[in-house]
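Top to bottom, those sequences are chains B and R.
To get this note's numbering, take the position in the first sequence, counting from 1, and add 1.
To get this note's numbering, take the position in the second sequence, counting from 1, and add 6.
The set of hints was computed from the structure by calculation and includes no laboratory data.
Computed from a prediction, not measured in an experiment: that's the story for all the values here.
Treat each hint with caution, since some may be false.
Claimed, not checked - Quick look at which bits of chain B chain R covers, simulated, 3 or more residues with Cβ under 8 Å:
no. : segment
1   : 59 to 68
2   : 200 to 209
3   : 213 to 221
4   : 258 to 265
Unchecked claim - Interface residues of chain R toward chain B, partial, derived using beta-carbon atoms under 8 Å:
no. : residue
5   : G64
6   : Q128
7   : L139
8   : W144
9   : M146
10  : R156
11  : N260
12  : V267
13  : Y285
14  : A288
15  : G292
16  : A306
17  : V307
18  : V310
19  : L311
20  : A313
For glycine and all other residues, C-beta sits at the position ideal for the given N, C-alpha and C.
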Amino acid sequence: MSRTFSPAPPVPRGRRAGRAAGRFGQYAALLCYLVFLAFPLLWLLSTSFKSPQELGSIDPTWIPREPSLENYRIAFDAHPLARSALNSLLVAGSAALIAVTIAVPAAYVMVRYRSRVSKAGTVWILVSQMFPLVLIIIPLFLVLKNLQMINSLPGLVLVYVVWNLPFSLWMLQGYVKAVPLSLEEAAAVDGASRLRVLTGVVLPLLTPGLVATLMFSFVTAWNEFFFALVLLKSPERQTMSVILTHFVGAEGVADLGPLAAASFLATLPSLLFFALLQRRLVNGMLAGSVKG
Amino acid sequence: MSLTARRAKAVPGNRGTPPPRTPAGRKRALGLDRGAWFLLLPALIPILVLSAGPLLYGVALAFTDEQAGRTESAEFVGLLNFTDLRHDSLFWESFRVGLVWAVCVTTLQFVLALGLALLLNQNLRFRWLARTLALVPWAMPEVVVGIMWRLVYHQDAGILNKTLSQLGLIGENVDWLTNMSLALPAVIVVGIWAGMPQTTVVLLAGLQNVPHELREAAHIDGAGLWRRFTTVTWPALRPVVLAITALNFIWNFNSFGLVYVLTQGGPGSQTRLPMLFAYEEAFKYGQFGYAAAMGLVMVAVIAVLLAVFLRNRLKEDSE
């Protein structure tokens with residue numbers, strides 16, 4: 002990411018004006034992007050601080066006239082929001098932990114052994130991105146039903162683990178490749194077993210990558226909607242994404258405020274994670290995709 | 007890579023006397039010793055049981071009349087589901103909507119993301135802000151993105167109508183999401199907004215791998231901005247572009263949550279993407295077999311389109 006800034010080659014006089022205009026154009030374009038990216042978010046925030054009366058008025062404004070936290074209180078009182086947040090936390094947390102735990106050894110094998118199995122794994126990672134979820138959800142629904150795991154959080158965790166695996170494997174492979182082989186060889190020469198090499202040598206070096214993958218899996222599961230919609234029926238077990246959709250569509254103008262507040266709260270954890278891991282994520286993509 | 011292969015064999019696990027020839031040959035073909043299998047299994051089993059298995063099961067279901075909540079086992083009906091599908095005009099309508107949606111979103115996403123990535127690769131002030139903001143849609147749950155844009159598009163309380171009427175562009179408030187001709191474009195804008203970050207990040211990563219010296223050399227040789235882009239940047243970026251466009255197309259074609267929250271497929275069936283259609287067929291009407299057949303047709307069409315797309319691109323490359 003860091004690149005030393007090298008001075009631009011000398012520019013002929015005639016071109017200088019053109020360059021200044023180019024710079025201006027670049028900033029104008031950047032501004033357009035910033036507006037496009039930011040305005041829905043700002044509007045969500047603004048709506049979440051408005052009173053019902055204000056939302057009912059015909060003249061919406063950017064800045065709430067009398068900002069209040071009332072909507073956040075209502076969101077927690079009226080909606081089973083706290084409960085669903087806990088469900089989301091449990092499901093996403095355990096799914097991320099399990100997925101990464103089983104993905105680490107697999108990613109290691111896929112990188113260090115150039116075998117048919119590794120190749121098949123790579124193909125599967127790609128193919129699993131391709132099939133529409135309908136094709137997988139119907140049989141999954143039937144299988145889980147036979148296991149009595151419909152409408153249960155453990156069932157959803159199981160689904161999320163498998164669903165998180167491709168991307169976790171992909172990210173971790175990038176990080177494993179970055180571990181110098183010589184270290185492992187040294188340990189192997191000293192007589193360490195394969196498992197010992199993995200836990201003693203590779204794992205400590207992988208920690209930053211592990212954290213990034215863990216967070217990414219967590220956020221993916223936290224945000225997931227389709228599986229949760231199909232698999233969870235009773236409201237007290239539903240995750241946040243599903244609960245939020247109950248309040249969409251039938252809402253009167255007065256309900257927009259609590260809806261906005263609840264939506265903003267549902268975004269907080271993932272926003273937090275992304276803020277923490279912004280740089281790492283970009284690097285992880287680099288390692289996984291480009292240098293493959 | 008050949009280096010890794012040679013070394014991997016030197017790693018212990020099969021030290022000592024060389025094993026007999028045939029198993030050795032087999033082992034070379036698979037390339038895994040027992041320790042490696044042991045490490046691979048925890049991931050392999052769930053994948054086989056909950057991903058590969060159900061996938062095959064799903065394919066098989068497409069040839070049966072399986073329905074929700076039925077006690078007797080499903081019967082094999084051959085190609086009946088597919089012949090039914092051929093005459094199902096609603097399905098083909100949703101297919102058309104899905105293609106329009108996927109093509110529009112993917113193309114515009116790519117163009118906008120490339121622009122943003124090129125800007126972020128420059129030494130501009132406020133770059134950090136754009137970088138952070140560009141990641142935000144990625145971090146948001148689909149459902150929240152949908153709700154947020156409903157607030158923006160809201161007929162009376164929405165900011166879009168307010169801004170447009172202030173600018174004098176519209177006379178009266180538009181109901182974006184229930185207007186027959188505006189709903190699909192409105193939803194496409196949301197799709198672009200939601201998917202831009204991934205594309206931008208991937209393209210930015212690709213741009214930073216473009217050899218800097220090459221661009222500088224071209225600059226010194228007097229190549230203009232456009233020429234530098236077409237001769238140096240684009241060729242280096244091309245593989246990344248191919249990969250991300252293909253993936254984006256698949257993701258968009260299979261997308262569900264956004265549109266489910268925004269319009270539920272309405273008005274009429276103007277925004278009923280194939281996934282929404284199949285979801286309703288499966289979990290509202292309980293037609294599992296029929297819905298699985300739809301899924302299979304979707305996969306087939308995507309595969310064909312991608313094959314054509316990638317082949318044309320590769321052909322262009324070799325010319």
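Consistency of the hints with the structure:
1. A count of 4 residues in the segment 59 to 68 of chain B with a Cβ less than 8 Å from any Cβ of chain R is obtained; the coverage claim is therefore met, three being the minimum.
2. For a cut-off of 8 Å, the count of residues in the segment 200 to 209 of chain B with a CB near a CB of chain R stands at 0, and the three-residue condition is violated.
3. Only when three residues or more bring their CB closer than 8 Å to a CB of chain R does the claim for the segment 213 to 221 of chain B stand; here the count is 1, and the claim is violated.
4. For the segment 258 to 265 of chain B, the proposed coverage by chain R is satisfied: 4 residues have a C-beta within less than 8 Å of a C-beta in that chain, meeting the threshold of three.
5. Hint on G64 of chain R holds. Least Cβ distance to chain B is approximately 4 Å, under the 8 Å limit.
6. Hint status for Q128 of chain R relative to chain B: holds, with the closest Cβ pair at about 6 Å, below 8 Å.
7. Against a cut-off of 8 Å between C-beta atoms, the interface hint on L139 of chain R holds, since the closest Cβ of chain B lies about 4 Å away.
8. For the restraint placing W144 of chain R at the interface with chain B, the shortest Cβ-Cβ distance is roughly 7 Å, inside the 8 Å limit, so the hint holds.
9. The beta carbon of M146 of chain R comes within 5 Å of a beta carbon in chain B, closer than 8 Å, and the hint placing it at the interface holds.
10. The interface hint given for R156 of chain R holds, since its Cβ lies 7 Å from the closest Cβ of chain B, which is under the 8 Å cut-off.
11. A distance limit of 8 Å between C-beta atoms decides the matter here; for N260 of chain R the minimum to chain B is near 4 Å, and the interface restraint holds.
12. Proximity of V267 of chain R to chain B holds as hinted, the smallest CB-CB distance being about 6 Å (cut-off 8 Å).
13. Nearest Cβ of chain B to the Cβ of Y285 of chain R: about 7 Å, under the 8 Å cut. The hint holds.
14. Interface hint status for A288 of chain R: upheld, as the beta-carbon distance to the closest one in chain B is roughly 6 Å, under 8 Å.
15. Hint status for G292 of chain R: violated, given a least beta-carbon distance of 10 Å to chain B, over 8 Å.
16. With a cut of 8 Å, the hint placing A306 of chain R at the interface with chain B is violated, because the nearest CB-to-CB distance is about 11 Å.
17. Restraint check, V307 of chain R versus chain B: the minimum CB separation of about 10 Å is more than 8 Å; hint violated.
18. Annotation: V310 of chain R was flagged as interfacial toward chain B, and the flag is violated, the nearest CB pair being 12 Å apart, outside 8 Å.
19. Hint on L311 of chain R is violated. Least Cβ distance to chain B is approximately 12 Å, over the 8 Å limit.
20. Interface restraint check for A313 of chain R: the shortest CB-CB distance to chain B comes to about 12 Å, outside 8 Å, so the restraint is violated.
The earlier numbered hints that this structure contradicts are 2, 3, 15, 16, 17, 18, 19, 20.
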